[in-house]
Amino acid sequence: MIEYLKPLDEIKEILNLERSNIVILVKKDLNIIGLGKINLNSLDGYLLIEKSYRGNGYGKDLLYQLIDEAKKIGLEHMYISCSNDDYIIKKIVLEVKGVHISTNNNEVKYIIPLNK
Amino acid sequence: MVINRDVLNFFEMHDIDFKELALNDNSRISSTKELNKIIADYGIHDSEKDEEVSVADIIGYNFFENQNKNIFYAINDFFKSNGSRYQQRSIELLNYSSDEIMNKLGPSFKEQPICIEELPGNKYLISSNGLHRYMILRIHFLKESNGLDKDSKEYMELKTKYKIPVRLKKVNLIKTYANYLLSSHPELGFNLKLELNDNYEHTGKVILELNNKQYILDTDELIDYLNDVLINTQDPKYFDLIKMYSERYESFKTFINNNFAYVLRNDKGAKAK
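Protein chains in written order, with the working numbering: chain A, 1 to 116; chain B, 1 to 273.
Do not take every clue at face value.
[What the hints assert, rightly or not] Straight-line distance between alpha carbons at most 25 Å, and here's what the computed DMTMM-like set of lysine to aspartate or glutamate pairs gives: (1) A:K51 - B:D77; (2) B:K49 - A:E95; (3) B:K205 - A:E76; (4) A:K91 - B:E118; (5) A:K60 - B:E48; (6) B:K205 - B:D50; (7) B:K80 - A:E50; (8) B:K161 - B:E51; (9) B:K153 - B:E20; (10) B:K104 - B:D15; (11) A:K109 - B:D50; (12) B:K69 - A:E107; (13) B:K123 - A:D85; (14) A:K91 - B:E92; (15) B:K104 - B:E92; (16) A:K51 - B:D6; (17) B:K170 - A:E107; (18) A:K109 - A:D61; (19) A:K97 - B:E52; (20) A:K60 - B:E201; (21) B:K80 - A:D61; (22) A:K60 - B:D77; (23) B:K169 - B:E51; (24) B:K163 - B:E111; (25) A:K109 - B:E201; (26) A:K109 - B:E118; (27) B:K170 - B:E221; (28) A:K6 - A:E69; (29) A:K91 - B:E201; (30) A:K91 - B:E51; (31) B:K143 - B:D15; (32) A:K109 - B:E48; (33) B:K33 - A:E107; (34) B:K161 - B:E20; (35) A:K72 - B:D198; (36) B:K205 - B:D224; (37) A:K60 - B:E92; (38) A:K97 - B:E195; (39) A:K12 - A:D29; (40) A:K28 - A:D9.
Bear in mind the hints are in silico, worked out from the structure with no lab data behind them.
Taking the hints into account, I'd like the entire structure generated from these sequences.
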C-alpha cells in the first residue's frame with residue numbers, strides 16, 4: 001500500500017528538514033521510499049524516489065501532491081531541477097506544463113506555473 | 001545479456017534477427033552528451049513546433065538509467081510484462097506488425113505527442129515523451145531498412161513511411177553557446193536564465209545574473225556583452241577549452257568565428273569584433 005504523508009514539524013526536525021518547507025514522504029508498506037519538498041524561500045522543488053521503486057508512477061503522484069500543497073498556500077509557481085538526462089523527471093515536468101528556464105552544468109531547471 | 005521473454009517473443013513474432021541487426025551501426029543509441037557535450041550541459045531550448053520527422057532520423061535519446069547503447073538490447077529495459085508499471089504499460093505495442101503499427105499509433109501522436117530535440121546536423125533525439133513508441137518504431141524501421149543503400153529509392157520510401165508527427169524542441173545555438181561561455185567563466189559567476197512573460201512564455205530575451213545584479217538582454221546585446229567579457233578575460237585554460245570545442249563541434253566553431261573570431265586567431269583581446 002502506498003501513502004503520501006505530510007510529516008509533523010517535529011518529524012521534519014528529526015529528518016533535518018526545515019519546518020517551513022513543504023515536505024511529503026512516500027511510504028510503501030512499512031518503508032519510506034521517497035521524499036518531495038519545496039523550499040519556501042527559493043521555491044525550489046525536489047523529488048526523490050528510491051531507485052528500486054522507480055518506474056511505478058510514484059514520482060509523478062508525488063509531484064502532483066506537492067503542487068496541491070503549494071496551491072493551498074497560494075504559491076504562484078515553483079521550480080524543479082533535474083539532470084538533463086533524467087528522462088523520467090523531464091517527462092513528469094512536461095505533463096505539469098513546466099517551462100524550461102535554464103541549463104547549467106547538465107542541470108536543467110523548470111518553472112511550474114501553479115495558477116493555470 | 002539475458003533478453004526477457006516478452007522481448008524475445010516480439011523478435012520471433014516479427015521475424016527480427018536481433019543478433020544480426022544489432023551489429024549494424026544504426027542500432028547504436030546516441031545521446032546529446034556524445035554528440036555535443038556543450039548542448040548536453042548548457043543547452044537552451046526556447047521554442048517548439050509541431051513537425052513531421054522520420055524515425056530514420058531520430059538516432060537516440062537521453063535516459064541516464066538506461067546504460068545499454070544498442071537498441072536491440074536496450075529494449076529489454078522498456079517492455080516486461082512482470083516488471084514495473086513503466087515497463088508494463090505499453091506492452092501491447094510488441095504485438096503490432098510493421099504494417100499496422102503506424103495506423104495503431106496514429107491517434108497517440110496527437111493525444112500525446114512524441115517530444116524530440118534537434119541537434120546540429122539534422123540529428124534528432126527523443127527528449128521527454130514517447131520512448132516506448134520510438135523503440136518499437138525504430139526497431140521495425142531498422143529491420144526493414146537493413147541492407148538498403150541510403151541513397152536508394154526504397155530507402156527514401158521507407159523514410160517516408162516512418163514519418164511521424166512530433167513536437168520538436170529547437171536548441172538555440174547562440175544562447176546555448178553564450179550560456180556555456182558565461183557559465184564556465186573562470187573568474188565571474190554568471191548565471192543565465194530565459195526571461196518569461198506573465199503567462200510563463202519565453203520572451204526571446206535572457207536574464208543574466210552577476211553579483212546580485214540582473215541584466216535583461218536580447219540576442220545582439222548578449223553577444224556584445226559576451227564580447228566585452230572575452231576581451232577582458234586572460235585565463236589561457238579557458239581559451240584552450242574554447243579552441244578544443246571549436247575543433248570538436250562545427251556549429252560551435254561557426255558561432256565563435258561569426259562573433260569572436262579573434263579568439264581562434266590567437267590574438268584574443270587584441271581587437272573588438
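Note to self: Under the constraints set out in the numbered hints, which ones does this structure not fulfil?
What the structure shows: none
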